[in-house]
Amino acid sequence: MSRAGPEAAGARTHAPAGIADPVDRAIVNALQGEFPLCERPFAAAAERFGIGEDELIARVDRMISDGTLTRFGPLFDAQKLGGAFTLAAMAVPAADFERVAGVVSAFPEVAHNYARDHALNMWFVLATPTPEGIDDAVARIEAATGLPVHAFPKEREYFVELRLVA
Amino acid sequence: MNGPVDLAVLDRAIVRATQGGLPRVPRPYHTVAEAIGVAPELVIERLRAMLASGAIRRIGVVPNHYRLGWTANGMSVWDVDDARVDELGMRVGALPGVSHCYRRPRRLPAWRYNVFAMVHGRDRAEVEVQVGEIAALLGDAARAHEVLYSTKVLKKTGLRFE
Numbered sequence: 001m002s003r004a005g006p007e008a009a010g011a012r013t014h015a016p017a018g019i020a021d022p023v024d025r026a027i028v029n030a031l032q033g034e035f036p037l038c039e040r041p042f043a044a045a046a047e048r049f050g051i052g053e054d055e056l057i058a059r060v061d062r063m064i065s066d067g068t069l070t071r072f073g074p075l076f077d078a079q080k081l082g083g084a085f086t087l088a089a090m091a092v093p094a095a096d097f098e099r100v101a102g103v104v105s106a107f108p109e110v111a112h113n114y115a116r117d118h119a120l121n122m123w124f125v126l127a128t129p130t131p132e133g134i135d136d137a138v139a140r141i142e143a144a145t146g147l148p149v150h151a152f153p154k155e156r157e158y159f160v161e162l163r164l165v166a
Numbered sequence: 167m168n169g170p171v172d173l174a175v176l177d178r179a180i181v182r183a184t185q186g187g188l189p190r191v192p193r194p195y196h197t198v199a200e201a202i203g204v205a206p207e208l209v210i211e212r213l214r215a216m217l218a219s220g221a222i223r224r225i226g227v228v229p230n231h232y233r234l235g236w237t238a239n240g241m242s243v244w245d246v247d248d249a250r251v252d253e254l255g256m257r258v259g260a261l262p263g264v265s266h267c268y269r270r271p272r273r274l275p276a277w278r279y280n281v282f283a284m285v286h287g288r289d290r291a292e293v294e295v296q297v298g299e300i301a302a303l304l305g306d307a308a309r310a311h312e313v314l315y316s317t318k319v320l321k322k323t324g325l326r327f328e
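Chains A and V, in that order, are what the protein sequence lines are.
So in this note's numbering, spot 154 of the first sequence is number 154, and the numbers just go up one at a time.
So in this note's numbering, spot 94 of the second sequence is number 260, and the numbers just go up one at a time.
So that you can see chain A by itself, here it is in the shape it has in the complex (with noise of 0.2 angstroms):
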C-alpha cells in the first residue's frame, strides 16, 4: 500500500507477493494511476514493461477476467462530481438478519452491504446523485425494514488510500 496521489511519498512495505508473475505485479503496481491520456495509451505505458500493445491489452484482459483486479478506468470523486454517500449501520436482530439483508440489498442506493460482528451488525453505503437523496435513502430503508438507520456521513477525510503494493 501506499501514500495517496502520485505526488505522495512511502511505499507500505508489508505488501504480500500475491502475485507471482514478475510482469503483472509490475503492471498492478505502475498502472494504478496515470494511465496514459493519449491516442494510443496501452502503446505508450507497454513501453515502461517492455512488452507491446497487444500484450499488455491481453494481460489486463485476463487479471479482470481472473479477478486480480475489479476494474480497469477512471476512478470517479462521487461528492465532485455532485453526489453523495455515507456510511450507514443497523442492529438487526440475528432470527431477521437475512430477510433485512435481503430488503436493504435490494435498494439500489446501497452500493456495498457488509455484516459485521458487533451489536450495529449490518454496514452498508449508501451512493445518490444528490445530498438530499440520503436522508430519503434512509426514510425508506427505515420503513421497509422497521428498524432505525444510523447514518455515519464522513465529516472530515484524513487519509483515502488509492494505490495498494502487489
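Misleading hints may appear alongside valid ones.
[As the list claims (entries may be wrong)] Here are the in silico distance ranges between beta carbons for each label pair:
| id | chain 1 | residue 1 | chain 2 | residue 2 | range |
| --- | --- | --- | --- | --- | --- |
| 1 | V | Arg290 | A | Asp54 | 36 to 46 angstroms |
| 2 | A | Asp135 | V | Ala174 | 19 to 29 angstroms |
| 3 | A | Pro93 | V | Met256 | 30 to 40 angstroms |
| 4 | V | Arg214 | A | Val23 | 42 to 52 angstroms |
| 5 | A | Arg99 | V | Gly235 | 32 to 42 angstroms |
| 6 | A | Gly146 | V | Pro262 | 38 to 48 angstroms |
| 7 | A | Gly133 | V | Ser219 | 17 to 27 angstroms |
| 8 | V | Thr237 | A | Asp136 | 34 to 44 angstroms |
| 9 | A | Gly102 | V | Pro275 | 22 to 32 angstroms |
By construction, these hints were calculated from the structure, which means they are not laboratory data.
Bear in mind that the values here come from a model prediction, so they are computed numbers and not experimental data.
Note that CB positions come from ideal geometry on N, CA and C, so glycine has one too.
Dock chain V against chain A, hints included.
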C-alpha cells in the same frame, strides 16, 4: 452532440460511458468518443480536466485486495478527544496498513466512536498488531476502541451515479 458543447453535460456523458471501465482496445478514448458522439481529443481533454479538479481520483487498474493477499480487514473505531481528533486522525491515516481514515459523527447512546480507520493485513493477527500501533499513537486521547471484522459480504456493486 450538436452546437456548443455543455461541459457539464459532456462530463456526465463521459462518466456514464466510463464508470464501468475503459474499453481495453488500442484507442480506448476514441471508442468512448464515438459512443457519445464527440471528438476523441475532447474526451481526453475533459478526462484531464476532471483529474485536475479531483472529480477523477485516478485512471488505471484497480486491484482486488484479496487477490493481492490482503485477506483480513477490520474496521477499527475510536472514541477520540474532540479537541485533538483532527491532529491525531491525520497521523492515524498516515500509518502503514490503514487504507481509509475518516472522522464521523457519534450517535449516542448507540455509538460513541468518532474516528474510523480501516486496517488491512494478511490475517487477523497482523490487523491486531496495527490496531495496537494506532492505540499507542492515540494514547490517552482515545477513551475506547473496537475492531469490527466483516463476517459476510452481503452486496458489492460499486458506485453508480445514474
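Q.
Given a hint of 17 to 27 angstroms, does the C-beta separation of A/Gly133 and V/Ser219 actually sit inside it?
A. Roughly 22 angstroms apart at Cβ, these two residues keep to the hinted range, so it holds.
Q: Could you check the hint for me, namely that V/Arg214 and A/Val23 are 42 to 52 angstroms apart, CB to CB?
A: Violated, at about 28 angstroms.
Q | Outcome of range test on Cβ distance (V/Thr237, A/Asp136; 34 to 44 angstroms) | A | holds (36 angstroms)
Q. Taking the CB of A/Pro93 and the CB of V/Met256, does the distance hold inside 30 to 40 angstroms?
A. holds (38 angstroms)
Q: Starting from the hint 22 to 32 angstroms, judge whether the C-beta atoms of A/Gly102 and V/Pro275 obey it.
A: holds (29 angstroms)
Q.
Quick check on a hinted range of 32 to 42 angstroms for A/Arg99 and V/Gly235, using CB atoms only.
A. holds (35 angstroms)
Q.
Please check whether V/Arg290 and A/Asp54 have a Cβ separation lying inside 36 to 46 angstroms.
A. holds (42 angstroms)
Q.
Given a hint of 38 to 48 angstroms, does the C-beta separation of A/Gly146 and V/Pro262 actually sit inside it?
A. holds (43 angstroms)
Q: Could you check the hint for me, namely that A/Asp135 and V/Ala174 are 19 to 29 angstroms apart, CB to CB?
A: With a Cβ separation near 24 angstroms, A/Asp135 and V/Ala174 satisfy 19 to 29 angstroms, so the hint holds.
Hint 4 from the list above is the single one not met by this structure.
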